[in-house]
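Colleague: Residue strings, one per chain:
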Amino acid sequence: MWKWFHQLASPPHFYRIAEILSPWLAIPGLVLIAYGLWQGLFVVPMDYQQGDAFRIIYVHVPAAYLSLMAYMIMATAGAVGLIWRIKLAHAVAAAAAPIGAAFTFLALATGSIWGRPMWGTWWEWGDPRMMSELILLFLYFGYMALRGAIDDTAKADKASAVLALVGIVNVVIVHFSVEWWSSLHQGQTVFKKGTMDAEMRIPLLIMLIGFTLLFGSMLLRRIRTEVLYRERRTRWVREMILATGDGT
Amino acid sequence: MPGIFESLLATTRRDLLLAWKRPGDVLNPLFFFAMVCTLFPLAVGPSPEQLEFSGPGVLWVAALLATLLSLNSLFLSDFEDGSLDQLLVSPQPLPVLVLGKTLAHWLTAGLPLVFVSPILALTYNMPVSVMGVMMLTLLLGTISLSLLGSIGAALTVGLHRGTALLSLLILPLAMPIMILGANAVSLAAHDDVYTTGIWALGAYAIASVSLAPYATAAALRISNE
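As you go down the protein sequences, you meet chains A and B in turn. Mapping of the first sequence onto my numbering: position 82 corresponds to residue 79, and the numbering continues sequentially without gaps. Mapping of the second sequence onto my numbering: position 80 corresponds to residue 84, and the numbering continues sequentially without gaps.
It should be emphasised that the hints constitute simulated quantities derived from the structure, not laboratory data. All C-beta atoms in this analysis are idealised placements derived from N, C-alpha and C, irrespective of residue type, glycine included. Please note that the accuracy of each hint is not assured.
So, partial list: chain B residues that the calculated Cβ filter (under 7 angstroms) puts toward chain A [to be verified]: (1) L13; (2) A14; (3) V93; (4) P95; (5) L98; (6) V100; (7) L169; (8) L177; (9) M182.
Bound-form chain A, shown alone (with noise of 0.2 angstroms):
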């Protein structure tokens, strides 16, 4: 079992591994996500309240959860290559954020298409979540420009590691604060949380689970490309390389 584990952080081995598994998780992922859009869209029935409008949950839960998922990927991955050094969870890290940011976007943007017809505006500044969704993305912003900044990968490596990590702790305060804030201010109710029904709840999950396959396999491509571009100098790349005839 611990061997198992100690090979998978090599980056050969893990190059391999992930080479194998990409497809298993991209394709049930998008299959999920096709039923799950079909069910959705075209048979749940009508929000009582909301009209078609609410279908747009359908992708916008899943965004919004991935991408508070990707940020904790990225600082887990990031404390790992701090406290053992593992350089594998710093490509993680590295491979994450960019997913994350986009995830984070998307769950802006639907929040922001399904706030039209629902609040009669594009952009509901006294909403909690969206500012507490804003704020993440520009802490990824933040993460991404430091990482940028610094030539040296294993310097931006730790340094964007701490940045998470403070990131982290920050994001807890972020939501406390946001949410103090809007009570204050009394920013258009949100719809309560009412229990949603079985059957439009269980498009959602397939959905999330859809949407976390998919997420897996985008990971794990974005680590074979990081892990790839990392060892270039190395033998195992080289050989790898020149094996496949495209060398040059």
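Knowing the structure of chain A, use the given hints to seat chain B on it.
Modeller: Just chain B now, kept in the frame of chain A:
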């Protein structure tokens, strides 16, 4: 070997002396603070009611930006003349030395803002009774801002284009401080319960005094490998 407390004070004293010799570094953020407060009425109009309403927010945003401006120089001159390497190889615990430097930064950048703010608040028609609350929030808030900022300054020290990057890193982290501070002042101005904000700011300040120096020390070691 001097004790922990002495080395902390020695670091602070040295930085205060440096600031005394270069008063521009202390005064520039203050002028900046005043100028941002001047920009706002020019941009949205001088109506007294509006200024009274937005005063707490404007003062807090201006204070946040002024602190950011001064943070860049926290480790920069030490990095350039090599004193930072001396701090890193010193047998004293680095978080303590960092805390000493941050204390000096707060005394020269944060505390002056607290004392200048009533004058600017006066121009925004803020009632005198609210000014005490505002100074208290700024006092607690700038402590946290200096400490939080020191992490960012340590991460970006020695980088090209560090200033813009520092703002990008620190602003999202500093938003809760500003939310708590500015809203507590607004509540006080409306005779509402404002203590939640003060307690939260105090808790934030205590947490950052105890935790931030470790993060800053780790960041300094990484930046200077």
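Colleague: So, for every hint listed, does it hold in this structure?
Modeller: Hints and how they fare:
{"no.": "1", "hint": "L13", "in the structure": "27 angstroms, violated"}
{"no.": "2", "hint": "A14", "in the structure": "26 angstroms, violated"}
{"no.": "3", "hint": "V93", "in the structure": "19 angstroms, violated"}
{"no.": "4", "hint": "P95", "in the structure": "23 angstroms, violated"}
{"no.": "5", "hint": "L98", "in the structure": "14 angstroms, violated"}
{"no.": "6", "hint": "V100", "in the structure": "19 angstroms, violated"}
{"no.": "7", "hint": "L169", "in the structure": "5 angstroms, holds"}
{"no.": "8", "hint": "L177", "in the structure": "5 angstroms, holds"}
{"no.": "9", "hint": "M182", "in the structure": "9 angstroms, violated"}
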